[in-house]
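S.K.: Spelled out, the chains give:
4 protein chains.
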Amino acid sequence: MGKEAVGFIGLGNMGAHMARNLLEVGFKVTVFNRTRERAETLAASGATLAESPRGAVVPGGIVITMLANDLAVQSAALGENGFVDALGKDGLHISMSTVSPETSRKLAREHARRGSHFLAAPVFGRPEAAAARQLWICQSGAAVGKQRAKSVLNTLGQGVHDFGEDPGAASVVKLSGNFLILSAVEALAEALALAQKNGVDRTTLAGFLGKTIFSCAVYKNYGRILADRVFEPPGLALELGMKDMRLVRDTAEAVQVPMPIADLLHARLLSGLANGRGHLDWTAIELSTAGDAGIDTNR
Amino acid sequence: MGKEAVGFIGLGNMGAHMARNLLEVGFKVTVFNRTRERAETLAASGATLAESPRGAVVPGGIVITMLANDLAVQSAALGENGFVDALGKDGLHISMSTVSPETSRKLAREHARRGSHFLAAPVFGRPEAAAARQLWICQSGAAVGKQRAKSVLNTLGQGVHDFGEDPGAASVVKLSGNFLILSAVEALAEALALAQKNGVDRTTLAGFLGKTIFSCAVYKNYGRILADRVFEPPGLALELGMKDMRLVRDTAEAVQVPMPIADLLHARLLSGLANGRGHLDWTAIELSTAGDAGIDTNR
Amino acid sequence: MGKEAVGFIGLGNMGAHMARNLLEVGFKVTVFNRTRERAETLAASGATLAESPRGAVVPGGIVITMLANDLAVQSAALGENGFVDALGKDGLHISMSTVSPETSRKLAREHARRGSHFLAAPVFGRPEAAAARQLWICQSGAAVGKQRAKSVLNTLGQGVHDFGEDPGAASVVKLSGNFLILSAVEALAEALALAQKNGVDRTTLAGFLGKTIFSCAVYKNYGRILADRVFEPPGLALELGMKDMRLVRDTAEAVQVPMPIADLLHARLLSGLANGRGHLDWTAIELSTAGDAGIDTNR
Amino acid sequence: MGKEAVGFIGLGNMGAHMARNLLEVGFKVTVFNRTRERAETLAASGATLAESPRGAVVPGGIVITMLANDLAVQSAALGENGFVDALGKDGLHISMSTVSPETSRKLAREHARRGSHFLAAPVFGRPEAAAARQLWICQSGAAVGKQRAKSVLNTLGQGVHDFGEDPGAASVVKLSGNFLILSAVEALAEALALAQKNGVDRTTLAGFLGKTIFSCAVYKNYGRILADRVFEPPGLALELGMKDMRLVRDTAEAVQVPMPIADLLHARLLSGLANGRGHLDWTAIELSTAGDAGIDTNR
Numbered sequence: 001m002g003k004e005a006v007g008f009i010g011l012g013n014m015g016a017h018m019a020r021n022l023l024e025v026g027f028k029v030t031v032f033n034r035t036r037e038r039a040e041t042l043a044a045s046g047a048t049l050a051e052s053p054r055g056a057v058v059p060g061g062i063v064i065t066m067l068a069n070d071l072a073v074q075s076a077a078l079g080e081n082g083f084v085d086a087l088g089k090d091g092l093h094i095s096m097s098t099v100s101p102e103t104s105r106k107l108a109r110e111h112a113r114r115g116s117h118f119l120a121a122p123v124f125g126r127p128e129a130a131a132a133r134q135l136w137i138c139q140s141g142a143a144v145g146k147q148r149a150k151s152v153l154n155t156l157g158q159g160v161h162d163f164g165e166d167p168g169a170a171s172v173v174k175l176s177g178n179f180l181i182l183s184a185v186e187a188l189a190e191a192l193a194l195a196q197k198n199g200v201d202r203t204t205l206a207g208f209l210g211k212t213i214f215s216c217a218v219y220k221n222y223g224r225i226l227a228d229r230v231f232e233p234p235g236l237a238l239e240l241g242m243k244d245m246r247l248v249r250d251t252a253e254a255v256q257v258p259m260p261i262a263d264l265l266h267a268r269l270l271s272g273l274a275n276g277r278g279h280l281d282w283t284a285i286e287l288s289t290a291g292d293a294g295i296d297t298n299r
Numbered sequence: 001m002g003k004e005a006v007g008f009i010g011l012g013n014m015g016a017h018m019a020r021n022l023l024e025v026g027f028k029v030t031v032f033n034r035t036r037e038r039a040e041t042l043a044a045s046g047a048t049l050a051e052s053p054r055g056a057v058v059p060g061g062i063v064i065t066m067l068a069n070d071l072a073v074q075s076a077a078l079g080e081n082g083f084v085d086a087l088g089k090d091g092l093h094i095s096m097s098t099v100s101p102e103t104s105r106k107l108a109r110e111h112a113r114r115g116s117h118f119l120a121a122p123v124f125g126r127p128e129a130a131a132a133r134q135l136w137i138c139q140s141g142a143a144v145g146k147q148r149a150k151s152v153l154n155t156l157g158q159g160v161h162d163f164g165e166d167p168g169a170a171s172v173v174k175l176s177g178n179f180l181i182l183s184a185v186e187a188l189a190e191a192l193a194l195a196q197k198n199g200v201d202r203t204t205l206a207g208f209l210g211k212t213i214f215s216c217a218v219y220k221n222y223g224r225i226l227a228d229r230v231f232e233p234p235g236l237a238l239e240l241g242m243k244d245m246r247l248v249r250d251t252a253e254a255v256q257v258p259m260p261i262a263d264l265l266h267a268r269l270l271s272g273l274a275n276g277r278g279h280l281d282w283t284a285i286e287l288s289t290a291g292d293a294g295i296d297t298n299r
Numbered sequence: 001m002g003k004e005a006v007g008f009i010g011l012g013n014m015g016a017h018m019a020r021n022l023l024e025v026g027f028k029v030t031v032f033n034r035t036r037e038r039a040e041t042l043a044a045s046g047a048t049l050a051e052s053p054r055g056a057v058v059p060g061g062i063v064i065t066m067l068a069n070d071l072a073v074q075s076a077a078l079g080e081n082g083f084v085d086a087l088g089k090d091g092l093h094i095s096m097s098t099v100s101p102e103t104s105r106k107l108a109r110e111h112a113r114r115g116s117h118f119l120a121a122p123v124f125g126r127p128e129a130a131a132a133r134q135l136w137i138c139q140s141g142a143a144v145g146k147q148r149a150k151s152v153l154n155t156l157g158q159g160v161h162d163f164g165e166d167p168g169a170a171s172v173v174k175l176s177g178n179f180l181i182l183s184a185v186e187a188l189a190e191a192l193a194l195a196q197k198n199g200v201d202r203t204t205l206a207g208f209l210g211k212t213i214f215s216c217a218v219y220k221n222y223g224r225i226l227a228d229r230v231f232e233p234p235g236l237a238l239e240l241g242m243k244d245m246r247l248v249r250d251t252a253e254a255v256q257v258p259m260p261i262a263d264l265l266h267a268r269l270l271s272g273l274a275n276g277r278g279h280l281d282w283t284a285i286e287l288s289t290a291g292d293a294g295i296d297t298n299r
Numbered sequence: 001m002g003k004e005a006v007g008f009i010g011l012g013n014m015g016a017h018m019a020r021n022l023l024e025v026g027f028k029v030t031v032f033n034r035t036r037e038r039a040e041t042l043a044a045s046g047a048t049l050a051e052s053p054r055g056a057v058v059p060g061g062i063v064i065t066m067l068a069n070d071l072a073v074q075s076a077a078l079g080e081n082g083f084v085d086a087l088g089k090d091g092l093h094i095s096m097s098t099v100s101p102e103t104s105r106k107l108a109r110e111h112a113r114r115g116s117h118f119l120a121a122p123v124f125g126r127p128e129a130a131a132a133r134q135l136w137i138c139q140s141g142a143a144v145g146k147q148r149a150k151s152v153l154n155t156l157g158q159g160v161h162d163f164g165e166d167p168g169a170a171s172v173v174k175l176s177g178n179f180l181i182l183s184a185v186e187a188l189a190e191a192l193a194l195a196q197k198n199g200v201d202r203t204t205l206a207g208f209l210g211k212t213i214f215s216c217a218v219y220k221n222y223g224r225i226l227a228d229r230v231f232e233p234p235g236l237a238l239e240l241g242m243k244d245m246r247l248v249r250d251t252a253e254a255v256q257v258p259m260p261i262a263d264l265l266h267a268r269l270l271s272g273l274a275n276g277r278g279h280l281d282w283t284a285i286e287l288s289t290a291g292d293a294g295i296d297t298n299r
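Residue numbers (my numbering), protein chains in the order written: chain W, 1 to 299; chain Z, 1 to 299; chain H, 1 to 299; chain S, 1 to 299.
None of these hints come from the bench; they were simulated from the model.
Among the clues, some could well be false.
As the list makes no split between identical chains, a pair holds if one copy fits it or if it spans any two.
Restricting the straight-line Cα-Cα distance to at most 30 angstroms, the calculated cross-link-like pairs of lysine-lysine (BS3-like) are [as the list claims (entries may be wrong)]:
#, residue 1, residue 2
1, K150, K197
2, K243, K220
3, K150, K211
4, K243, K106
5, K89, K150
6, K197, K243
7, K106, K197
8, K146, K220
9, K146, K243
10, K3, K150
11, K146, K211
12, K106, K146
If we strip away everything but chain W, and leave its shape as in the complex, we get (with noise of 0.2 angstroms):
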């Protein structure tokens, strides 16, 4: 028996590789995506190509969304030429970007109304990741979503980790995440100033610390990109960084909970904007750390 067909909308620098990966293991792909040339690009790997996020459905398929903002999603869903009205009854949606919880939730409702399935599924991962399937998966929904999206999200990732029923739960565990990883970078930043001032070498530091008590993919990556100040090409741009700490302070206000750090990663991300570092690396906040320390940063 042969695997399904999928949509894929949104081929960015992680969904171009996730799509092909899906390619790669026999699923046929239907592709969508506003800049059309990246979607040629997977076509000549055998993807087929869509003029619209309705085009890329078919009835009671599957389609995955992989997209810059909740504004993105939710006009790709329920705009014009949106997909969710032609997915229809039994249809399964995998919403797979950074978005916040209250779109999940309502992308739920919407599908619920229609006799379609939502399932919230964001990763964890740089590029490299996506393209390696090595991608951490965090999901949430109704069940009968999960059970059908097991082979599609094995084939992208290395895992995936179960956060219940409500839609918008693996939205805040991937917020949670992105938030964590962004207070990392700050602190360390703050503490390799202190150890230069200090005449301690920053590199050596960083080394030091990805090798015992912080051993882990964050702080391995991120203190060398930190420690030699190496912004360019971004990973994720300082500006969609940003995105994602408003999606972080908006979730925390609904629910009434006040996050220094986050307010303070906020205020980095808003500095970096205004001193002309949005096309940075996000983590390109180390440069108001820095400057308020009074290092020099060209040399």
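Position chains Z, H and S against the provided structure of chain W, taking the given hints into account.
M.R.: Below, chains Z, H and S alone, put in the same frame as chain W:
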């Protein structure tokens, strides 16, 4: 050839394990502790008891300090019945507790005046790690001390990481590490509050993080402690954690490095003290984070 | 010659006093309020009752809005039975409540399309000041609106301060002012906690400050409120103060200005909401400040 | 009957005016200043010159200190050639500069042991206010000292405000006041950045605030300074302002009061020092606030 004689001053939660490990591999250990009971336990295992810091050293020998704070180290070394003068020419002082870089630099100067050597060699790890010889050790100071300290340090930990000749450098590394650990704790506390008020299970989230993007000791251990709020018995008491953050802030001020997260952590610890939580584990700063979010932490 | 007819929409703690003042000096006032009871009280004083925002205006007339938030103003102006289309050519909308600069700019554009005018004229002052015609008014917008609004604004306040032609400018001034007021409140709360735990009497300190370096309304009034913790009845409820700080943060984000004190105030208000204090005066953020210091505020 | 003899130690920007005022109303003033030139200027106006702090006092007399920091006061009082022993029984030390409550309490104890008295009487006001006898004075200590100090304090200021018997209380009040002033500065700086990036004129906004809700000295004066960025010559140099905020933080830590705004102010000052602005007025923390917002402050 037998192993060297070593004086060991300070037999707290960490020091007692370390001194015992030295005894077990054959070092001749003379111990001193202000509270005599703790020393007597080690005497039963073969240690010699000294009546004062001075009594724990022999001319030209090795002495290790593992004491609560800067004042205690300075007093043991330079106060009444302090060991520095008795240690004399060619002696070696290995300072393994958390002190300020200024104290380390000052002690190095005092030793240099007398022809003895000073090595800063603070450690990372909870008491269990000390017992299991799994400490991570960072050292800095003159080469001659490092050479001579090798067999001692290799006995106590799972690796020695070098930070050059400045005797203050290893202290900066130690303070940076403790700062990063408590930063991770506060960030986790905020993320867990966000999750909890969104209906996401705290333990599941902490487990997910420790298995994926943050699969390292700090996040695994503290994630579990924070998710379940296990603040007793303390690994490091909040009131001692305060001492460390104070050293971080003082060091940062001395070299003019603003550290907003350090200020936040200090405020959390201070709030913990003001609310009668000084005896709990330092991760109990979570109670302030949760309290700000209106979470009932008694349930 | 008689005075102009004026529509007045929004009869809350502030608006009811303002409408009454207009009536008393001879304006013909038609009022609308969502809760009809408040309008009826004014009808007894000579006001005409309208059944909708649209019913409160006459073609080419003047209409004042004094409503709870941006949405309420936009809805009254542009929603179902909104007044903008009925106001028509040469009409004047004076917007006196606290809204975002974006809402002011949008309303100005909507009026311009229809040949009517928009004047932003938010006010400073508590309800007592509104009753006593002691409001401070800041205005911005096109000159024609300012000219026509003069007699109305002079009736309501003790002076009109002009901020140019950008209809958003006066909103920015109003938000800045509210931000500065709550900043002073938090700073006072911290200083009073410091004083109290040093044995200095709170009331004496607040009195001293209000008589010397800070002899102005904000410090005199709020100093007294804070020293004695008189948070009921609220002058401005904490949950409404939250709305203002949210507008400050949104406006700051839009123009990329990090405002760390605004973030702190937002966190304090959010903590107040999370702990069931939304109905108290917004100065009740002091309870968080005091709580962090372990001060028993029930005594 | 002639006026009392008074020793005056510390002839800085403030002290020189104060000593001159005492001379002018007829006190016999003996002055000491570490930099002799400043003392000689006063000698030309009738002051007697002393060669040491001790030389500035007579047994049982009055001595005033107006020095840069805690160390300077302690040294003048208790160091080599210090005045406390020479002052002796029934003498009175009026301490008018900004010191920690701990220093005040310690000095009071030292005086009590010798039968002399200590009165804490720090002042509010810039040098112009000192010259014009417009200082605001807050005092605390034993009643006998207050009685005797009356004529001196009435000569120097426009009113004496009493804070009870604890010699540390007036120091707490002084520190609280300076903290509140710098808090207002930072809040103003944030509001002015928000306004500027919204196209609102800084000077107009500052003027409006100083005439309406904040019509008091601090907002009037600092509003103008901040709007126009007039940071030279300094009224209070940033590096001295840092000393005050350090005292605030130390005092807050001693009594376990978290003060997040004080932490922010400390970070701003530290950033100023790190960026070479220690010689500017302490309000130059605005340059960090504006820099974070990407505002070009060189224009």
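S.K.: Now tell me if each hint is right for this structure.
M.R.: Tested hints:
Taking the closest pair of Cα atoms, K150 and K197 come within 30 angstroms of each other only across two copies (28 angstroms); inside a single copy the shortest separation is 51 angstroms, beyond that limit. For the identical chains of this complex, K243 and K220 are neighbours both inside a copy (24 angstroms) and across copies (28 angstroms), given an alpha-carbon limit of 30 angstroms. For the identical chains of this complex, K150 and K211 are inter-copy neighbours only, at 20 angstroms across copies versus 35 angstroms inside a copy, given an alpha-carbon limit of 30 angstroms. In the homo-oligomer, the alpha carbons of K243 and K106 lie at most 30 angstroms apart both inside one protomer (19 angstroms) and across protomers (24 angstroms), since each shortest distance falls under that limit.
Within a single copy, K89 and K150 get their C-alpha atoms as close as 19 angstroms, which meets the 30 angstroms cut-off; across copies the closest is 62 angstroms, which misses it. For a Cα distance limit of 30 angstroms, the shortest separation of K197 from K243 across copies, 21 angstroms, qualifies, whereas the shortest one inside one copy, 32 angstroms, does not. Taking identical chains as interchangeable, the C-alpha atoms of K106 and K197 lie at most 30 angstroms apart only when they sit on different chains, with a minimum of 18 angstroms there against 50 angstroms within one chain. Taking the closest pair of Cα atoms, K146 and K220 come within 30 angstroms of each other only across two copies (27 angstroms); inside a single copy the shortest separation is 33 angstroms, beyond that limit.
When the C-alpha separation of K146 and K243 is checked against a cutoff of 30 angstroms, the pair qualifies only within one copy, where the shortest distance is 28 angstroms, while the shortest distance between copies is 39 angstroms. When the C-alpha separation of K3 and K150 is checked against a cutoff of 30 angstroms, the pair qualifies only within one copy, where the shortest distance is 12 angstroms, while the shortest distance between copies is 61 angstroms. Proximity of K146 and K211 under a CA criterion of 30 angstroms is satisfied inter-copy only: 21 angstroms between copies versus 37 angstroms inside one chain copy. Within a single copy, K106 and K146 get their C-alpha atoms as close as 18 angstroms, which meets the 30 angstroms cut-off; across copies the closest is 45 angstroms, which misses it.
Violated hints for the displayed structure: none, as all numbered hints are satisfied.
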